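**Q** Take a look at the letters that make up each chain.
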Amino acid sequence: MSENSRSRWKSLLLRHETALLFVVVIEWLCFNAIGPRFGTLDNNFDILRHTVEIGLLALVMTPIILTGGIDLSVGSLLGLCAILFGKLWRDAGLSPFAAGLVTLGLGALAGGLNASLITLLRLPPLIVTLGTYSLFRGVAEAITRGADTFTNFPASFLFLGQERWLGLPTQMWLFCGVAVVVWLLVHRTTFGRSFRAIGFSPEGARYAGLPVRSRLALVYVLAGVVAALAAIIYTARLGQAKADAGTGYELFAITAVVLGGTSIFGGVGTVHGTLLGVAAIAVLNNGLVHARQPREAAGMLTGALLLLALSAGVAPKLWAAWRSRHHASPSPAPKST
Amino acid sequence: MKKLFCFALTVLLLGGCGKSTLDRGSASGPGAAGTGGKVITVALLPKSKGNAYFISCKAGAEKAAKALGVDLLFDGPTDTDPAKQNEIVENWITLGVDVIAAACDNKEGISTALRKAQGKGIKVITYDADAMPDARTFFVNQATPEGIGYGLADEAARLLNGQGEVAIILATLTAANQQEWRKHIETRVAEKYPGLKIVAVRPCDDLKDKAQAEATALLGAYPNLKMIMNICSPAVPGAAEAVKQAGKVGKVKVIGLGLPSENRRYVKEGVTDSVMLWKTEDLGYLTVEAAVALVKGTLKPGDKSFKGALGEFEIKGDNILLGKPFVFNKDNIDQFNF
Amino acid sequence: MTRHFRELSVAGALILVLAALAIFAPGFYQPQPLLSLATREAPTLVVACGMALVIICRQIDISVGSQFAVCSVSAGLLAAQNTPTALVGLAAIGIGALLGAINGTLIAGLRLPSIVVTLATMVTWREALRLQRQGAFVNLPDRLQWLGLSQSSGQWVLVAAAVALLAALGLAMRHVAAGRFVYAVGTDAEAARLAGMRPQLVTFLTFVFMGALTGLAAMMNVAQSPQVDPKSGTGLELKAIAAVVVGGVAISGGRGTLWGVFVGLLLLACVSPALTHLHVEAYWEKAIQGAIILLAVVADGVRTRKTDR
Amino acid sequence: MPAPLLELRQLAKSFGGARALRGVDFDLHAGEVHALLGENGAGKSTLIKIVTGAHQPDSGTITLEGKVVAGLSPAAAHRLGIACIYQQPALFPDLTVAENIGLRLEPGSALRRVGWRQRRDRAVRLLGQIGANIPPEVEVRALSMPEQQLVEIACALGAGARIVIMDEPTSSLTQKEQHLLFSVVRELRQNGVGVIYISHRLEEIFALADRVTVLRDGQSVGTSAVSEINEAALIRMMVGREMTQIYPPGESAPGNVVLKLRDVGCKASGVHAVSLEVRAGEVFGLAGLVGAGRTELARILFGLTPADAGEIELAGTRLAIRSPEEAMNRGIAYVPEDRRRHGVVLEMPVAENMTMAVHRRIFKGAWLRFGAERSLALDYIRDLAVKCSGPDAPAGSLSGGNQQKVSLARWLATKPQLLILDEPTQGVDVGAKSEIHRIVRRLARDGLAVLLISSDLPEILGMSDRIGVMRGGTMTAVLPGNADAHAVMSAALGQTR
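For the protein sequence lines, the chains are A, B, C and D, in the order given.
Going by this note's numbering, the letters in the first sequence line up with residues 1 to 337, in that order.
Going by this note's numbering, the letters in the second sequence line up with residues 1 to 338, in that order.
Going by this note's numbering, the letters in the third sequence line up with residues 1 to 309, in that order.
Going by this note's numbering, the letters in the fourth sequence line up with residues 1 to 497, in that order.
The set of hints was computed from the structure by calculation and includes no laboratory data.
Model, not experiment: these values are computed from the prediction.
Glycine included, every Cβ here is placed at the ideal spot set by N, Cα and C.
Treat the hints with care, as some may be off.
As the list claims (entries may be wrong) - Chain A side only, calculated, beta carbon under 10 Å to chain D, not exhaustive: (1) T190; (2) G199; (3) A208; (4) P211.
Chain A extracted, bound-state conformation (with noise of 0.2 Å):
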């Protein structure tokens, strides 16, 4: 018994989402220590605010990631929802309730298109999502010709994005939902499981009778959708709506879910593992303002982590190799580790 435990130990202290948990209590108890209202439950509400949105993204991003692809215009798709909703709410006379719902159909209606072009015309997610990164922003700024700009919510919306609900920033609420959600779809039900089947092998999934597009076309659409709803949280948390909301969250996106442990790939990766990758980039970002260290720092960080967290990833592999290569002749094969 114990020599079994002890090796289900090993291996689950060995794990990237464990050494990634350590990376992020270690930020955070460094940056406590420096900055003395690091710790306090105010600014770690803060830091739960402000990463909703990436967050949101990053958890769809993550089985898109696992079925080998990828998507460029999540960010794009955020400012285009924003606007979209602004618009449906002051010039179409919606409530903002009825807003979102419409907001969220239509976020589902532009990951559709991303969808379409991927599986019905088998083309490359990263190229696709390369042009629709340009059409989502593109179409937002005209429809808005840039200027518009969406503002006077009722606080009843802002509640949403600026407020606390039992205890905690009411958007967490929705993002834990769709965390939840997500964890289950990737880890605890057929989807995930053929999510990576595709990501492992495409082909291998299809022979199997798995429901490749279908699948396929689901990330996607779902991508659009929480995008969307990332959009609505966005709008609340800023009291506005305009054409340049979430420039550039598609990578904060991909970076947080790689650090996270999928691999770029697909299939391998966890839904916890990009929750951990959100928050060692957000406890990084924030920490280094209570630091007092400059912002370009954090960037500079999040690429060196991400860079060290792939080594670390192959480093093993490539001990092994070169220990094999270099103690070949004299012994007779060494030891398997």
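With chain A fixed as given, assemble chains B, C and D onto it according to the hints.
**A** Okay, now just chains B, C and D, sitting in the frame of chain A:
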């Protein structure tokens, strides 16, 4: 191997942190609220960090901070990003600064955060670009949007004798102050200069190279173009270079908002006719001075003027007026070195 | 015919745009503005050539924009210290190659996915540069402008150099063994290894070459104006990738030609001035560019789908 | 006697924890064909990859003509005159045939000029030499598997190598191409080239080889002149036990018609006017040359390339099959030919592979039930005697035969009415092969209709209750199960008696 990874990260972070502790030096903790004997912390928020304009403001602010013996925090988004500004303000609220001085990228958006700061007893003033009036006590007004817009339009009319086609290059289509300036330029032209015609408005993403490309295209597309007006600072040298390359120096005039240092060469060569700007260092200096006075209580709402190291400034309503913008041209540009 | 279908179809689209311009905005065809346009796009062409090689090698490099900025600023700082122009150029290329070598080491040496590696280096270089420069322009000495030539001949030199480089690379990719190695590695790295090539070395050198070309492009850009904007190169990677993809290089590696990239870049480079000439408002530009990229890939998708059946 | 061309002494190699080779001795003389035989996983592929420099040995020596070589790389092996035809063609799909051959054969600096005309001429010459009618400017991706194999052979031939290694070169060749290949091999031998020949087909070894070495569990079990050994002895050496009967007896008791095709065709895949009937409890063998349209027919039935002509009837109902899901829901199962790419997902565990096609049945409401999955996997592991460390072992860690069983288990779990097996024993060792045969027999006995596609004629003859022969995309003959090899072959070749 993962252990190695953790270890390296720890070293990395601790290294960074250790340095920061030293940086803070003698200044007391930023949490020290209020006035009595504690060092005041002033937080200065630019629209974006990597921008020569705000770097120049910062230089002035640093001088003021040194003279007044206050702690200065300067932080902003690395790229213009409205959400990031809110984030930074909220960070400062938790950090417990005494006063926030903000240049607002998005009026309504950031006001949410600024009101929150006021709610926590932090004084708020704005500079460069204003927030909603209820979200701050004073606005250090370097020049009103009307002032800038009208000033540029007037200058254009003067140079062109009130006749001709004008194209505008701005930073992005979405930046609030750019749109406001543009609006005022258009209003003024419509009201006073019927002979001027604004034929195109192009964004340059706040990049000099892109501005040059846009200007090149404009020169080709509008053969009767008489002037390129640039309302963001990287666009002025960009447009000037394009005009120079196209061999249209003198035929197409270049004016705009910009720093003397970036435009000196073109102004001297006669490519750029005039560059408008206020003394950015003074703006930074005055902002910090006013902020500190507000915390100390020497500046109160309702005051009619504010006297500082740079002299006395008029207060109009809740706007502290820096004075009129300067127009730099061939004759006076060497007097300014920012 | 079918072999070059993609290049020809993009060329067709380009001719369409040019024809539309000839009818609706003949003012587009004036020698000096066209030369200026070509000069502006010359550095992009050089970067796009490198990007084509990288993508043919089944990799991607999204750090070129940041590399471009680092090379530009370094070149500017060197020139400001009165370094001879030729040396400045070599230094820019060298620094580019060094940055490329860092990418290459991580990608070929540690076998990390290129999109993630270059994402990380993109952010790192860009932020490091920001931290160092704080957005301040670098002022250049006069003699660096147009490489010390007069302005009119300087422009021609830059354009001619970019086109000559394209032609040389285009021929080399077809007629020199090393070029075929890039195709071979891009189409199947393991097969290349078994055929006696060294795929990791080819990948590494491709990234070094990409970096060197970025350095060259940076130098070509620096020579055009008396100041260096440390933000230069922002979005360059997307422009280059878009040109390469529209030009028919397969994102999955192994297929595509530099001629296609050239036509693709011409098409994209014409869009923005064409809109200006056609007096279309700027708000639509991004949307139209996105639509062109999508149209190009959709056309390809429909065609390959047809031939699949 | 001169020093052998190639001498391997005590070669050992491990991958991670698995020891692929534990000390292999092997030698090859000039002018001989030395066959290498062994079950899958015995270490043959590892051995040849060491000789071609693709892998580095952990220990042991490689001696070429009396000189010890160390640190062999593919490029060095190429220089030393070692050429190899891999089982999975190692070609560049996006490049033309001429360029593929060129890249393999042109050593020299990376900066040299590429001679496109010489490349073309050489390709024409080499392909002509082995009688392959392949235009040199075609991209390899457009070629069929056997055509790719021929390009590989042309490469090896053109290399002017002193040592040529062939890893199952005939596995997808037609009879005619096989004969050409054999004459090429004999010619090579005459020219003093040493040939290492790997095949599972014992009759080829007896027809071609001079000596044979048997590998088992990473060790060489023995070497013998072919003339001094018989088939039974070889099999004994390979499996380490006596094999009594290769093909289990058929007990044909056909039931109702399960599958009925009438004039089925699909333009894109070149299949036309196929009519046939398969009954429950029957093994219907599908013979024909590679490229005759058998796999293409299977792909039509499984909805991968839907039919555009004719009628398909399954258990009496007419239906259109437009996707694999649909085929699956109708009770059709397809164990594909290329198991590494299509049959199993190598990175995923055995259990997940086995349940992949039955998600809807065992995971009610799409919720994963790990207990149910595990028990299903354990059942099939026991039932099909899959050798693996457990249901959690990645499928890629299994040997070829066991991967095939996992692929089979996946489809048996769907409880199909019709099972299509496409080359189920290709590249599978003798032991696993006979186990698979027994399983197929048992399934038929339990009432399953089986459509068996195989290029292995003895397998078709031994297993089938009836044999359909395809040629040029259509069914040319349906023969009884006791038909002789000659009848099947002549139908496949289109000869009229």
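**Q** Please go over all the hints and tell whether each is borne out by the structure.
**A** Hint-by-hint comparison with the structure:
1. T190: Since chain D brings a Cβ to about 4 Å from T190 of chain A, closer than 10 Å, the hint holds.
2. G199: Hint on G199 of chain A: holds, closest Cβ of chain D at ~9 Å, below 10 Å.
3. A208: Cβ of A208 of chain A sits 4 Å from chain D, so the hint holds.
4. P211: Holds, because the Cβ-Cβ distance from P211 of chain A to chain D comes to roughly 5 Å (cut-off 10 Å).
In terms of the numbered hints stated before, the structure departs from none.
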